[in-house]
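Working from the sequences, and respecting the hints, build out all of it.
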Amino acid sequence: MKGYRKYFGKKILWFFITLIAAVILNFVLPRMMPADPVSAITGKMASGMTDASAVQEIYKRYEAEFGTNKSLPEQFFIFVKNMLHGDLGTSFSQYPRKVSDIISSAIIWTICLQLPAILVGWLLGNILGALAAYIRKGFDKVLLPVAVFLSNVPAFGMAVTLLVIFAVNLKVAPIAGGYSFDMIPNFSWSFIKSVISHYQLPFWSIVLVSIGGQAIGMRSMSIYELNADYVKYARFLGIKDRKIVGYVFRNAMLPQVTGLALSIGTMIGGALVAEIIFSYPGLGSTMYSAVTAADYPLISATTLIITIMVLVVTFVLDIIYGFIDPRVKAAQFDA
Amino acid sequence: MKNTLRQVFHSSKFLVGFILFVLILLTIWIYPFLNPGNPLEMIGVGTFAKPGTYVSVYDALNTGTETLRLPDADDKRVDQLLSDADRVSMLEWFDIMEIDVSDLDATDTEALLDLWFEHYDQSIKPKGMTQAKRNFYKRLDNSVRQIRSADTLKIMHPEEGELVERGSINKTDYVNVGDVANVKLLPLGTDNFGRDVLKEMVSATGTSIVIGLIAGIVATLIGLTLGLLAGYVGGWVDDIIMFITNIFTVIPGFVLLILISYSIGQEQRGASVVAIVIGLTSWTWTTRSVRSQVISLRNRDHVNLSKLSGHSLVRIVATDILPYIASYVVMAFILQVSSGILAEAQLSLLGLGPKTTVTPTLGLMMNWAMLYSAHTNGSWWAYFPVILTITLISFSLNLMNTGLDQVFNPTLRD
Amino acid sequence: MGKVILEVHDLKTKYVTRFREDVYAVDGVSFKIEEGKSLGVAGESGCGKSTLALSMMGYYFPPLHYISGDIIIDGKNISGLDPDVVRKTILGTEIAYIPQAAMNALNPTQKIIRFVEDVIRAHNPKADKKEIRERAQTRFAELGLPKEVLDKHAVELSGGMKQRTVIAVSTILSPKVLIADEPSSALDVTSQKMVIKMMRELMEKGYIKSMLFITHELPLLYNVTDDIMVMYAGQIVERGSAREMVFDPIHPYSHGLMGSILVPEEGTRGTTLTAIPGTPPNLKKPPQGCRFAERCRYATDECRYHSVPEKQFDEGRGYCCRLSVDQLREAYKNE
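Residue numbers (the numbering used here), protein chains in the order written: chain B, 413 to 747; chain S, 101 to 514; chain G, 305 to 639.
The reader is advised that the hints may include incorrect statements.
What the hints assert, rightly or not - Computed footprint of chain G on chain B; a stretch qualifies when at least three of its residues, placed anywhere within it, have a C-beta under 8 Å from a C-beta of chain G: (1) 634-646; (2) 658-665; (3) 732-740.
To be verified - Listed next, with one range per pair, are the computed distances between beta-carbon atoms: (4) S:HIS411 x B:ILE731: 43 to 51 Å; (5) G:SER462 x B:GLY498: 50 to 58 Å; (6) B:GLY550 x S:PHE109: 26 to 34 Å; (7) G:PRO367 x B:GLY550: 14 to 22 Å; (8) B:THR670 x G:ASP378: 48 to 56 Å; (9) S:PRO151 x B:PHE593: 30 to 38 Å; (10) G:TYR609 x B:ASN639: 36 to 44 Å.
These are calculated hints, taken from the structure and not from any lab test.
From a predicted model like this one, the values you see are computed outputs, not experimental measurements.
Just so it is clear, CB atoms sit at the ideal spot from N, CA and C, and this is done for glycine as well.
Spelled out as structure tokens, the structure:
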């Protein structure tokens, strides 16, 4: 048990350290830049205004909104205090909507889209990779190049391709949005049906992009494990091949959990951009509209939320991995 | 060294990737000689002209003609003239006139027209049909009849308020494309601003690869320096560097990228600045792999021997450590280049791409195509070649990487 | 003379390399082991001794292929049987194998007891879990292994413990023949002794009836086995009792091999060590005459171009050379 406690303790400590670092970066980075965001925004808002005092007025208002008229440490404490209260400021582009309000309506769409899609992609990729390693020959020869090619298609590219084929040309799926635009979210059957049909293309485009990389990783991992000494030994003790293949895939798949934890950041990044293509009402589209509208508080909050999402997923995967792979426990005893 | 190179080029994966990448580079180098000029020049006035060869109508009229009698020329003309919408309108007319068209194939122009001439009469005024709709049918009828009947078109020249016949064009007149003064080949059509997509894309590919290279160099330099320091010096230096590296491994790089890019502002965001920022947010992998390699090398005999001989740190690193980790660094660099190109594209799609007055990038082209809905209005040439190019670059770089990996890590070889 | 437990007759097997070349690694090997006896196999690396161990199992998978010959265990010929029959009724129960690298012989993510269950159930699918555990506990206790080992994962065991666990699991079904391929080579001296002690106990307590012990460490064989065989280029060149083989080797190769051993005994300092010059022949194209001729200082043209008359190694002494015992002994005296 000592090994586990050490492992989990370490992971929890790291989770908080990275969380704090992420919050600090999210606060500091924009403020370190030469351009003053407040004056940039004021410039946009006041374009066409000739009255200098009126421009000054606007500048003052945003300065106060931002808190940039206070010292940096002071700003930081206000930032953290507000954040802990769930207050992420007021949106510029959707004034006077609260940023936290916008984010909370978007985050559900992103989580419901991306987590299942990435998990399904991971699972399918692993199964295909394992099959390729086990069957080899023809299956492998066809599958591997396809997987390598697929893994190099950018997420937005896959999104556009699917969109054009299935929504624009074949017209079997809707072109944009998370649900039919003439509907108001509710729990009726027709609304759920609309959500499901809008879900298909974004979901499968993320799945297809994730499959390739996972399949390649799993394939080489499985080949490595199939040549391991314990496979030969188990065979010579009369254990059935099917059982041994079970050992091999379990062992090859476990490190893939860590692989997923390490690549989840990149995967979510790609998937967010894919959301934009489908105008899916998630965080990706929110970020896009925030960037186009120069809505500074919304951008800052979106990046923070995405970071926290990635941190939480990584942390959870690490914890799961610690439980299912006994090698972790042993490594902790050694260290 | 020579032997290693030979081994590397014996790997079929590396070779395929390498050839593909070199072909892409060659295209970027040679194409501007074939088609010189500003890649962002707006040659078209409208948006999204289809791929194809464009012949100046004016020049074609003034070019000497040959007479060719092609039997199916008329059918083709009518075929092209009748849009799908027109055909549907004709069917509607038949429906109103209660004519049975169940065995008529709407794509069979000949049969459709025969039926039309048989039943259409401008004098018929169906009940409930608006005047506009009736006029529409009249125009439709006139134009198909004209194509069927007229053999020549008259070209007129306005002279002192009167039209004077300048010449006539027969249906059987043909010009040789080679004789026409102005012919423009647009293999991938034009984009939303009327720019030659192929020319723009070749230039954009070059910029994107440069962005990837700069990002890769920045990331590799940072990663290599930190990795060497952490691995070779060890102790508290290692602790601090690894602490920072671990933090930046978990915090997603693209989030930092978005934050920094946005904060820099549109004006300061040139292609090279974007490239450097991408490099600044993607060095952690190199640091980690260099560090672990250096640690395993640190206590090897040849390094100890150099230490005992009193060689300087720089010399030990340069002669006893760098050559041994070179393969890992090169592999990491290749991956950085590929992910740098992708990062630029994603950033541009978010609207945070480099400032563009002179240089297009693949990401920006993608962004423009999406902004002007190329994907929903069927202008595939504006975005699909871009996706394919990004995929091919990334594919070729990854193949090279896999090939190198198999050469340098024989345990992974199947 | 006791009852013959294992008889191998003219066994030939080959490897097929990645480039489809045949390597005749075991090329006509014959020998017998009596009940309660152990036989050692010595030779340079690459002489085919590990392949011999694998070939003895009667269970072949690529890259190893069976060509011809018989393996008779307690009167039953197992060569040429259906692989699935071999797996079910021979492996583990009639003949068992201890691999060269026991470090990696156990599936790292499986508890030892689960592996024991898999081994026993491969032969008796209806075996009761409780009974299996009792049986494993008793056997482990008798062999001096702590029973806690059963509930650990392989990664949590030390190297020596892993090797002893492998031996205990291999012999859990009390096989008649045990093939041990360098079971102690990778271990430190203490662990090595414990492993040797365990092998002896297995014989003494009757859990195994005979043993084939393969190693490149000749002094070890002298201490462990009753008889020693020397193997060269896929063939047996000499067999005799451990004492005879160490102090009075007849075949020039055995002689050379014994001459190249360092023995930390009084008076041995200063005696010349004779290394055998040259390298073993390429087994893709074995030479037509005596395979050792190229490296043998007593070889004649006769040796090089004509095959050596076959010798049987079943009882007592035997060697494979054109020269007579007296000629060879005379020659060695003059060195």
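How the hints compare with the structure:
Evaluation of the coverage hint for the region 634-646 of chain B: fulfilled, as 6 residues show C-beta separations to chain G shorter than 8 Å, against a requirement of three. As drawn, the region 658-665 of chain B meets chain G at 3 residues by the rule of a beta-carbon pair under 8 Å; at three or more, the given contact holds. Under a criterion of three residues with beta carbons nearer than 8 Å to beta carbons of chain G, the stated coverage of the region 732-740 of chain B is upheld, 3 such residues being counted. For the hinted restraint 43 to 51 Å between HIS411 of chain S and ILE731 of chain B, the CB-CB distance of approximately 46 Å keeps it satisfied.
Checked against the hint of 50 to 58 Å, the C-beta distance between SER462 of chain G and GLY498 of chain B comes to roughly 52 Å, which is consistent with it. Distance hint for GLY550 of chain B and PHE109 of chain S: a CB-CB separation of about 28 Å, consistent with the stated range 26 to 34 Å. A C-beta distance of roughly 20 Å is found between PRO367 of chain G and GLY550 of chain B, which places it inside the suggested range of 14 to 22 Å. Roughly 49 Å separates the CB atoms of THR670 of chain B and ASP378 of chain G, a value that falls within the hinted 48 to 56 Å.
Between PRO151 of chain S and PHE593 of chain B the CB atoms are about 33 Å apart, so this pair conforms to the stated range of 30 to 38 Å. For TYR609 of chain G and ASN639 of chain B, the Cβ-Cβ distance of about 41 Å falls inside the hinted range of 36 to 44 Å, so the restraint holds.
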